[in-house]
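Enquirer: If you read the sequences in order, they're chains A and B. Start counting the first sequence at 3; every next residue gets the next number (the working numbering). Start counting the second sequence at 60; every next residue gets the next number (the working numbering).
Among the clues, some could well be false.
Derived list of chain B stretches under chain A, where covered just means 3 residues or more per stretch with a C-beta under 8 Å from a C-beta of chain A [said to hold, decoys possible]:
id: 1; region: 92-104
id: 2; region: 140-152
id: 3; region: 224-232
It should be emphasised that the hints constitute simulated quantities derived from the structure, not laboratory data. Where is the CB? At the ideal position from N, CA and C, for every residue including glycine.
Listed here are the chains, written in short residue letters.
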Amino acid sequence: MENIIGDRESSTSQNEPENNWRPYFSFSTDHKVIGVQYMVMSFIFFLVGGLLAMLIRAELITPQSNVVDRPLYNGLFTLHGTIMIFLWIIPFNAGISNYLVPLMIGARDIAFPLLNAISFWMIPPGGILLLSSFLLPNGTAQSGWWSYPPISLQIPPGQPINGELIWIVSLVIIGISSIMGAVNFITTIFWMRAPGMTFFRMPVFVWSVLSAQLLQLVNLPSLTGALILLLFDLNFGTQFFKPLENGDPIIYQHLFWFYSHPAVYIMALPAFGIFAEVLPAFSRNPLFGYRSLAVASLGIAVVSIFVWVHHMFTSATPSWMRILFMVTSMLVAVPTGVKAFGWTATIWKSKLHLETPMLFAMGGAAMFLLGGVTGVMLAAVPFDIHVHNTYFIVGHFHYIVFNTITMAIFAAIYFWFPKITGRMYAEGWGKLHFWLTFISANLTFFPMLPLGLQGMVRRISSYDPRYQGWNVIASLGSFLLGVSILPFIANMLGSWLYGTRAVNNPWHATGLEWTTTSPPPQDNFDEIPVVKRPPYDYGDPKYSVIESPDYHQPEH
Amino acid sequence: MVRLLDYLLIAGCIAVLLLVSHWIGQLAYSWMPLEATAEAQKVDSLFSFLVSIGTFIILGLVGMMVYSVLFFHAPKNDYSEGHSSRGDIRLEILWTATPTLLVLWIAFQGFNIYQQLNILGLGQIVHLHTPLKSEPAYAVASNDKPKPTSETIEVFVKQWDWSFRYPNNVTSNELHLPVNLRTRLNMHAKDVLHSFYVPVFRLQQYIVPGRNINLVVRPTRTGKYTLKDALFSGTYFALMDANVQVESLEEYNQWLTKTEKEPKTRKNQVLAEYSQSPKTWFKSGWYTVVPDQRAITQSALE
Chain A
3 MENIIGDRES
13 STSQNEPENN
23 WRPYFSFSTD
33 HKVIGVQYMV
43 MSFIFFLVGG
53 LLAMLIRAEL
63 ITPQSNVVDR
73 PLYNGLFTLH
83 GTIMIFLWII
93 PFNAGISNYL
103 VPLMIGARDI
113 AFPLLNAISF
123 WMIPPGGILL
133 LSSFLLPNGT
143 AQSGWWSYPP
153 ISLQIPPGQP
163 INGELIWIVS
173 LVIIGISSIM
183 GAVNFITTIF
193 WMRAPGMTFF
203 RMPVFVWSVL
213 SAQLLQLVNL
223 PSLTGALILL
233 LFDLNFGTQF
243 FKPLENGDPI
253 IYQHLFWFYS
263 HPAVYIMALP
273 AFGIFAEVLP
283 AFSRNPLFGY
293 RSLAVASLGI
303 AVVSIFVWVH
313 HMFTSATPSW
323 MRILFMVTSM
333 LVAVPTGVKA
343 FGWTATIWKS
353 KLHLETPMLF
363 AMGGAAMFLL
373 GGVTGVMLAA
383 VPFDIHVHNT
393 YFIVGHFHYI
403 VFNTITMAIF
413 AAIYFWFPKI
423 TGRMYAEGWG
433 KLHFWLTFIS
443 ANLTFFPMLP
453 LGLQGMVRRI
463 SSYDPRYQGW
473 NVIASLGSFL
483 LGVSILPFIA
493 NMLGSWLYGT
503 RAVNNPWHAT
513 GLEWTTTSPP
523 PQDNFDEIPV
533 VKRPPYDYGD
543 PKYSVIESPD
553 YHQPEH
Chain B
60 MVRLLDYLLI
70 AGCIAVLLLV
80 SHWIGQLAYS
90 WMPLEATAEA
100 QKVDSLFSFL
110 VSIGTFIILG
120 LVGMMVYSVL
130 FFHAPKNDYS
140 EGHSSRGDIR
150 LEILWTATPT
160 LLVLWIAFQG
170 FNIYQQLNIL
180 GLGQIVHLHT
190 PLKSEPAYAV
200 ASNDKPKPTS
210 ETIEVFVKQW
220 DWSFRYPNNV
230 TSNELHLPVN
240 LRTRLNMHAK
250 DVLHSFYVPV
260 FRLQQYIVPG
270 RNINLVVRPT
280 RTGKYTLKDA
290 LFSGTYFALM
300 DANVQVESLE
310 EYNQWLTKTE
320 KEPKTRKNQV
330 LAEYSQSPKT
340 WFKSGWYTVV
350 PDQRAITQSA
360 LE
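Let's have the full structure, built from the sequences with the hints guiding it.
Expert: Laid out in structure tokens, this is it:
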């Protein structure tokens with residue numbers, strides 16, 4: 003067997019990285035350009051959201067309220083949550099999916115390129131609108147990202163243009179953009195696969211995008227509808243959610259969580275998909291149990307539609323509802339467990355390479371275990387009643403949204419950076435970024451778990467001094483986390499401009515995206531490939547995912 | 060022979076894991092606050108059980124990952140292939156079936172303990188007395204009679220103040236509870252949603268304006284604790300604490316008579332903070348709801 007060596011330093015690359023930035027600022031309908039637009043834009047919002055988080059942690063380093071006044075603090079955590087969910091993770095996932103899905107299934111573009119461009123261009127106005135509410139005389143929305151009525155309806159009297167209104171309008175804009183995106187992704191995956199690309203030859207990343215986008219399509223209208231009703235209550239005197247005027251605020255909670263719980267999986271499924279791409283490539287083994295991992299993506303999506311009441315165990319819900327949703331919530335652990343076992347089995351008895359993408363993927367998968375296990379704990383009603391609305395919840399979901407999903411996002415950026423830019427990133431800086439992030443993320447989010455068990459309530463700007471110890475650790479950790487992003491930015495900018503040229507397939511990975519040039523040509527492939535082999539064909543002496551259509555007819 | 064050794068090794072690892080998980084599960088009791096109700100003990104034993112199982116899973120899988128990193132490291136630049144095994148159907152069935160049984164078992168344990176809380180009174184939480192027409196879904200079954208309670212205390216909550224009215228019409232900002240007796244709390248919210256949360260009781264319940272929500276609590280340990288509003292309720296949310304005093308029935312009655320003679324209202328921290336400019340570096344001066352000056356028991360009755 004011929005030895006395959008790493009050729010990340012290849013000087014033989016014929017690829018011509020383009021340093022023409024102009025298309026990225028234009029109304030392009032190329033899915034690759036739109037993908038990069040999504041990713042870069044959402045990263046800028048990530049920096050804004052992170053800055054807000056560091057202000058929050060600065061306030062919490064001491065028990066007293068002494069950094070920002072209370073209305074501003076409430077605005078900070080409201081916008082931090084909103085930005086991180088709706089302007090960082092969800093649009094970043096839309097971006098990486100945009101870039102990769104057509105390449106991975108062997109398509110020339112996405113199904114509706116113009117709709118795709120419109121979906122993207124709705125988000126910057128929505129996001130800027132949201133941030134502009136900082137400039138209003140009475141500031142941003144202050145009712146948390148749940149925006150539960152009636153607290154969200156308490157607005158400055160006589161000011162129809164207020165932070166809450168702007169929050170609702172920008173979320174509706176972003177929501178409509180996501181629904182249009184979902185239509186596009188689902189259509190593309192169903193109808194634009196290359197010859198021979200059957201469903202069970204699709205990479206797990208495509209399966210997870212499909213599952214996540216189906217959830218967007220089914221569940222997001224519920225939130226959009228609830229927000230429009232909330233807008234009517236806010237500005238037009240209706241009483242849908244006003245408890246003292248025949249409305250019911252609990253209905254809002256149902257509508258909100260009917261979307262916002264599946265939203266967790268809309269964010270997490272693509273991250274799981276990224277793990278399924280990166281782990282096999284750097285362990286040189288096929289993905290263990292491909293079919294079960296693929297089906298588990300759909301399983302997670304289906305079960306997650308029926309779990310939303312676990313956010314409402316203390317919201318005056320009847321007993322039968324609590325018990326029913328306790329069981330369904332725990333069942334999510336089954337398909338999720340299948341994934342975690344599959345990842346671990348993939349790297350077992352392998353030939354591991356610990357390049358930056360692999361470090362982020364393994365770090366993310368390991369920390370996901372703590373996020374997942376605390377999630378199962380929270381599904382148990384009696385325990386949830388104790389820690390509901392405490393820092394235990396905050397710690398749990400940051401282990402998911404940061405320590406799992408954002409780690410996966412970094413893994414994806416490093417993994418596909420050569421493909422997207424045609425240049426290699428700097429490995430040393432990448433490893434520095436990983437270790438800083440891994441250590442500081444644990445320092446920031448682990449202390450929240452014991453704090454919550456002890457009963458520290460979330461969303462408070464001053465607290466009992468006995469909680470200070472863990473809070474100081476969390477705050478210092480968050481500042482280090484802020485610093486950890488600097489080597490990443492330096493690496494990305496420097497490598498994009500001056501990195502060594504990348505070959506088509508620097509990781510010797512399988513998957514159609516690696517068979518084309520780096521960066522891919524305008525139409526992705528010179529000829530549409532014909533797929534003859536299952537995915538993750540590692541372990542064979544020589545994987546050959548595609549064969550030239552000259553010699554093989556399509557299978558059907 | 061080698062195969063037997065392998066199995067022994069695996070069995071040994073699992074045994075060690077089980078021991079460590081059990082030990083951490085026992086440690087978990089110490090991560091929780093004091094236990095001041097019988098419910099708290101149940102919740103803590105459930106938590107300990109969950110921590111044991113969670114530790115087993117986390118240590119098992121992270122252990123395998125760390126082992127892989129240490130022992131399956133490929134030589135630098137050797138990108139040759141690993142093995143070609145794509146899966147093992149028996150293993151996959153095993154790791155689908157086992158977690159299914161495991162979570163069903165956990166759910167059963169959770170349900171069990173939830174039922175026991177029922178016996179102890181937590182079940183009264185769902186006693187949503189909406190006397191008028193609405194909400195047949197929440198209607199309480201006729202056999203679900205409220206258990207006898209010794210005292211009934213009216214709990215009033217508003218932005219940003221708790222107050223409590225006792226049977227002899229005494230009103231206070233402190234919640235006094237007789238130890239080892241069942242006390243019914245009738246809870247009323249004036250403006251927005253609030254959540255009644257006493258960490259040492261392991262009890263939390265949202266209070267919805269316009270609905271009567273009841274909670275029955277039987278503290279088992281005397282002492283001074285804190286009641287918190289756990290659901291974000293606006294600008295001065297962080298200050299929504301009240302003292303909870305659990306004491307013997309005699310002391311409780313003494314306190315009631317004493318407070319009846321010389322009513323004492325705590326200085327309201329929110330009003331104090333509202334009346335002066337904030338002592339923070341950044342002052343946004345954004346809008347806030349004005350805290351109500353009047354005692355809540357009066358304003359709530361309007």
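Enquirer: Compare the structure with each hint and give your call.
Expert: Hint by hint, here is what the structure shows:
For the region 92-104 of chain B, the assignment as covered by chain A holds, since 4 residues bring a beta-carbon within under 8 Å of that chain's beta-carbons and 3 suffice. With a threshold of 8 Å between beta carbons, the proposed coverage of the region 140-152 of chain B by chain A holds, since 10 of its residues qualify and at least three are required. For the region 224-232 of chain B, the assignment as covered by chain A is violated, since 0 residues bring a beta-carbon within under 8 Å of that chain's beta-carbons and 3 are needed.
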